[in-house]
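As they're listed, the protein sequences go chains F and Y.
If you want my numbering, it's the position in the first sequence, counting the first as 1, plus 100.
If you want my numbering, it's the position in the second sequence, counting the first as 1, plus 572.
Because the hints were derived from the structure by calculation, they are not lab data.
All figures in this text were calculated on a predicted structure; none of them were measured in a lab.
Any given hint could turn out to be false.
Facing chain F, according to a computed beta carbon distance under 10 Å, are these residues of chain Y, among others [unchecked claim]:
id	residue
1	L584
2	S622
3	A635
4	V636
5	T640
6	L758
Each residue gets a CB set at the ideal place from its N, CA and C atoms; glycine is no exception.
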Amino acid sequence: MSRDEGDRPRERSTLLTLTWIALVGLTLGSYGLYESEAGSGLLLAISLVKMVLIAGIFMELRGCRPLFLRAAALLGALTLGIIVSTL
Amino acid sequence: MPETTRREFRPLPGDAAWWLFLTAEFVTLCLFFVVFAVMRSGDLEAFEASQAALDPRPGLTNAVILITSGYFAARGSLAIRLGNSRSCSRWLAAAALLGVAFLVLKTWEYGDKLGRGYTLSTSTFFFFYYFLTGFHYLHVWLGTGFLALMAWRTARQPERPNRSNVESCASFWHMLDIVWVILFPLLYLL
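Model the full structure from these sequences, guided by the hints.
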């Protein structure tokens, strides 16, 4: 499937806008959790969700070759996992 | 027996070779993050004492700035794909402006810390703080320059849109956004 097939501009722009709102909300929410001294693991879980949204929606990696996606996602998750394990 | 069909995948946006560079950058930064986390776990008290000198609000503001700038870059990519070069140029220019805002705020933050005597040699935490954010800061300079250049080129030659370059530029910008998504909680919130 080419990038152009199935593109619906209005839907794509709505998706981008909703993703932006979600990302801003998650960012402000993580700061709120920090203020309320919530667990570090939860903060990093929010970071993981944000990474997935940016990579999948903004970078349009959703639906790209799975080997590349798997490698990048594995590396990112591994990094966050190691960070969590050291907390 | 039914014929199995190969699943079709979307092509990567932008230039394929550029993705090798992005991947290498991402791998390098992940290694830095892991080293920081391990060092932190070895001397948590000292790290937390140094971290207390940081104000998370500039980091939070910069996180929102980068996310919004990433949104503008993504809208620019969509515009060029639809053949609307002028709209693409405006979106990329807006993204670049927010990149400048990030740099201004980060520069102010560095000045504030240095003015209060927190330097690279103050503590291991501050060594990592300056090293990690400085690495990112230099890349934001580069990314902002790319965005501004692509905004100018698409405005100057709207009849010859270079979709691949715009998408590559936007991908680089989104990678910087992802890096800050990890850096902000790692340095300011944990």
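key: In rising order, the numbers of the hints this structure does not comply with   = 2
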